[in-house]
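Guided by the hints, dock chain H onto chain L, whose structure is given.
There are 2 protein chains.
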Amino acid sequence: MTLKAAPLRLSTTSASFDAEFKARLHWSADADAAIEKVVADILADVQTRGDEAVLEYTNRFDKLDAKTLPELELTQAELKAAFESLPAAQRDALEAAARRVRSYHEAQKKASGESWSYRDTDGTLLGQKVTPLDRVGIYVPGGKAAYPSSVLMNAIPAHVAGVGEIIMVVPTPKGEKNQLVLAAAYVAGVTRGFTIGGAQAVAALAYGTATVPAVDKITGPGNAYVAAAKRRVFGTVGIDMIAGPSEILVLADGTTPPEWVAMDLFSQAEHDELAQSILLCPDAAYIDRVQAEIDRLLPAMPRAEIIAASLNGRGALIHTKSMEEACEISNRIAPEHLEVSSSEPNRWEPLLRHAGAIFLGAFTSESLGDYCAGPNHVLPTSGTARFSSPLGVYDFQKRSSLIEVSEAGAQVLGPVAVTLAEGEGLQAHAEAARMRLRKI
Amino acid sequence: MTLKAAPLRLSTTSASFDAEFKARLHWSADADAAIEKVVADILADVQTRGDEAVLEYTNRFDKLDAKTLPELELTQAELKAAFESLPAAQRDALEAAARRVRSYHEAQKKASGESWSYRDTDGTLLGQKVTPLDRVGIYVPGGKAAYPSSVLMNAIPAHVAGVGEIIMVVPTPKGEKNQLVLAAAYVAGVTRGFTIGGAQAVAALAYGTATVPAVDKITGPGNAYVAAAKRRVFGTVGIDMIAGPSEILVLADGTTPPEWVAMDLFSQAEHDELAQSILLCPDAAYIDRVQAEIDRLLPAMPRAEIIAASLNGRGALIHTKSMEEACEISNRIAPEHLEVSSSEPNRWEPLLRHAGAIFLGAFTSESLGDYCAGPNHVLPTSGTARFSSPLGVYDFQKRSSLIEVSEAGAQVLGPVAVTLAEGEGLQAHAEAARMRLRKI
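If you read the sequences in order, they're chains L and H.
Heads up: the first sequence at position 14 corresponds to 14 in the numbering used here, and the numbers run straight through without jumps.
In the numbering used here, each number is its position in the second sequence, counted from 1, plus 1000.
One chain only, chain L, in its complex shape (with noise of 0.2 Å):
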């Protein structure tokens, strides 16, 4: 049989598109009762056992055989030597990659990650001082998505941030370890590494244990145990965000070789069935080759069938009234990545309002957004960049906000505050201002 790729074709001038749409759309997250109970056991237990419940749950998830915890450390040594084991193109791509993510994130923090303060008339100063988070924990995927340019993208953010010390975690299912993610982490800068994954060492970064050390935040994806696990631990430390399946748009005006999009809706597809590729565009005709570059295409690429179910399954050829359609509809998905693929991209990238990247112009790949154009591939998903942004500097600093009253500044604030005080019935609030009154 032959495998075939058929994205749903979808019109907007069809009355039942509104309900088809949606339907194509939907994808809950919502919690598994069973993965629920488990990963509440699990926390619970490393909390109180500390090293040996994560050294048991370890040695019988990931079928390892170790005695102690801080066996499964990683040394700086071992990361070194994961670096210099490889190909000469695989070290230089990395650290190309890793220049132009850290200089990106370099640009973020000067552009919006700096203290900043005034006074005003009174004399009051008023601002906010920006301070990176002490110890952070990164939870990298083990087994078959494992992605060494993730370690990059949320260990780099988090040293330009200048936090102290980046803690890796990344389970190791029978012992086998993934030399360009140990690689990958010491061009990052990695300062400590175990080899733990799933919810015992969300719960192990969450609490710390002898062995591992407490962190103030986890980022990272993982599988559906880590984020009902790391859902548990927010509030005891912050989190990055849930991640759902991933997603591209590609808006398309007609110019772009249909072949550069058909292979750009695979390079989502490929990475799980779940993923969802979809095209919007006003031409009938281009999405008709479109699809012809996808039947051309698909039986030569190693992880067609892949591709195939998550076309089949979550993919959709839109056809649109005009690219401004295509706009408001974008808009309405918030998509993860949102390619522009047209000759002129910035007559619309003002009217796309949410998503997690936006993608500029015909030469302006996913692919190269991901490794190595700077910006980070760690994105909202599943309509989320309606509220949230991609994983950056930001996200591995806090804000303290600065205030210092003048004597006569605190003349001035002060019976406003002692006014809304009395209003809210807080009267020793508004006893410490009028304390500051001078007596006349």
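Some clues are possibly wrong.
[What the hints assert, rightly or not] Computed Cβ-Cβ distance ranges for the label pairs, DEER-style:
(1) H:L1025 x L:W116: 51 to 57 Å
(2) L:R332 x H:A1033: 57 to 63 Å
(3) H:A1040 x L:V38: 17 to 23 Å
(4) H:E1078 x L:W116: 35 to 41 Å
(5) L:W116 x H:E1328: 25 to 31 Å
(6) H:A1033 x L:T255: 54 to 60 Å
(7) H:E1273 x L:A23: 22 to 28 Å
(8) L:T255 x H:E1078: 49 to 55 Å
(9) H:A1019 x L:T75: 32 to 38 Å
(10) H:R1099 x L:L25: 54 to 60 Å
(11) H:E1344 x L:A224: 51 to 57 Å
(12) L:T255 x H:D1092: 57 to 63 Å
(13) L:Q76 x H:D1288: 47 to 53 Å
[To be verified] The calculated lysine-lysine pairs, modelled on DSBU-like cross-linking and capped at a C-alpha distance of 35 Å, are:
(14) L:K37 x H:K1110
(15) H:K1110 x L:K129
(16) H:K1022 x L:K129
[Unchecked claim] If the Cβ cut is set under 10 Å, some of the chain L residues that face chain H in the computed set are:
(17) L8
(18) A97
(19) Y104
(20) P380
Simulated from the structure, these hints should not be mistaken for laboratory data.
No experiment lies behind these values; they were computed from the predicted model shown.
Positions of the beta carbon are idealized from the N, C-alpha and C atoms, including for glycine.
Then chain H, alone, in the frame of chain L:
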């Protein structure tokens, strides 16, 4: 019986200090299983039955007798009338506070909330576009802790960010509307308001109903049910934070009138019995003087019983070896409010790494900051200042990465992406980058 407030006396030179200090700080936000179940049911019910469910829960919990949900909408005319009904002093105070809060948040937006981009040497454009959220919900507690100042502190940063619609919900137990809260909503520019509260209000905002529009993010404090509901809808919408009891830490060098410090400790303690007030000071005689002022001032306070319960149960007066050590201990606490009550506050400020807001110098009482200095009074509690920030304009904005790779840039980035993608076994990613390379 005379009411007595005696915060625990500790000294860092005591052998048992660490244990006593840790015990005093302990506060657990652990989820209550019974509350979790009730909240899960309410959320599911509102998701299914919409308006009808919200109406039923509101009538039941707030003892109302509304026939339809639209009846519970607050009209703009009602908000305006509430404002106009206030005494002139309250109107002026609300407007003065709003003006200062707005001006501070405008500075914040300018300092860290603007879009930016640059071109690198190969012509590739990199940057971030900062955009406001479309629609946010702000939760305002009703009943005994109805604070108009919180309306300003939540709505104004949203407004400054450029949020399109600000939806306020505020429960009105037994139908009692707090006129100051309504007036604050008028001053702050709330778009629509509903007199609903609890988990049902959070659900209505997260999922939308026929009457209440779905929002992108929900901010604002609430009781345990509201907190549990916010935690559960996180992911469907954004949330700000899960607030614990309020805290103040005063770092004193002994130069501030001790009655000012005593009243500042009271102003936190009067919020509720779980609020925490801590003094750190290297001068034992000064600590005695503060305790004497506590004894002298307490009887006259209208909320003396709450203050005494809070100080006796959770307060502490800690004698430190030095101001430097006091700063170190403050960093371990990561307090919500941190007063540097010293004649040289700028000597100590650089040593303070973790705090929601830092109040510098004796004239900067926390109450001035709470109401009208300008910075936000919604601050991270329970040590979460280690990894989170005051509510701000940035909470009502999100970022989209911008990448525009030139043809020349694609030649530079392509080989790096190809190498890394192949290293990760993602051939479609590699192929998408390769297609953009010039055929030679």
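So, going through the hints one by one against the coordinates:
Between L1025 (chain H) and W116 (chain L), the C-beta spacing of about 31 Å breaks the proposed range 51 to 57 Å. Between R332 (chain L) and A1033 (chain H) the Cβ separation comes to about 37 Å, which falls outside the hinted range of 57 to 63 Å. For the pair A1040 (chain H) and V38 (chain L), the supplied restraint of 17 to 23 Å holds, since their beta-carbon distance comes to about 18 Å. The hinted range of 35 to 41 Å is satisfied by E1078 (chain H) and W116 (chain L), whose Cβ atoms lie roughly 39 Å apart.
The supplied range of 25 to 31 Å is met by W116 (chain L) and E1328 (chain H), whose beta-carbon atoms lie about 26 Å from each other. Judged by the Cβ atoms, the range 54 to 60 Å given for A1033 (chain H) and T255 (chain L) holds: they are separated by roughly 58 Å. For E1273 (chain H) and A23 (chain L), the Cβ-Cβ distance of about 51 Å falls outside the hinted range of 22 to 28 Å, so the restraint is violated. Evaluation of the 49 to 55 Å hint for T255 (chain L) and E1078 (chain H) yields a pass: the beta carbon distance comes to about 54 Å.
For A1019 (chain H) and T75 (chain L), the Cβ-Cβ distance of about 34 Å falls inside the hinted range of 32 to 38 Å, so the restraint holds. R1099 (chain H) and L25 (chain L) have their C-beta atoms about 43 Å apart, which leaves the hinted 54 to 60 Å range violated. In this structure the supplied range 51 to 57 Å holds for E1344 (chain H) paired with A224 (chain L), their Cβ-Cβ distance being about 53 Å. Between T255 (chain L) and D1092 (chain H) the beta carbon distance is about 60 Å. The supplied range of 57 to 63 Å therefore holds.
The beta-carbon spacing between Q76 (chain L) and D1288 (chain H), approximately 52 Å, falls within the hinted interval of 47 to 53 Å. For a cut-off of 35 Å, the pair hint linking K37 (chain L) to K1110 (chain H) is broken: about 45 Å separates their Cα positions. Of the pairs offered as hints, the one joining K1110 (chain H) and K129 (chain L) holds, with about 15 Å between alpha carbons and a cut-off of 35 Å not exceeded. Between K1022 (chain H) and K129 (chain L), the direct Cα distance comes to roughly 27 Å. Compliance with the 35 Å bound is thereby established for this hinted pair.
Because the beta carbon of L8 (chain L) sits about 20 Å from the nearest beta carbon in chain H, more than 10 Å, this interface hint is broken. Nearest Cβ of chain H to the Cβ of A97 (chain L): about 6 Å, under the 10 Å cut. The hint holds. Checking Y104 (chain L) against chain H by beta carbon gives a least distance of about 6 Å; that is within 10 Å, so the hint holds. For P380 (chain L), the interface hint holds, since its Cβ comes within 10 Å of a Cβ in chain H; the closest pair sits about 8 Å apart.
Hints 1, 2, 7, 10, 14, 17 from the earlier list are contradicted by this structure; the remaining hints agree with it.
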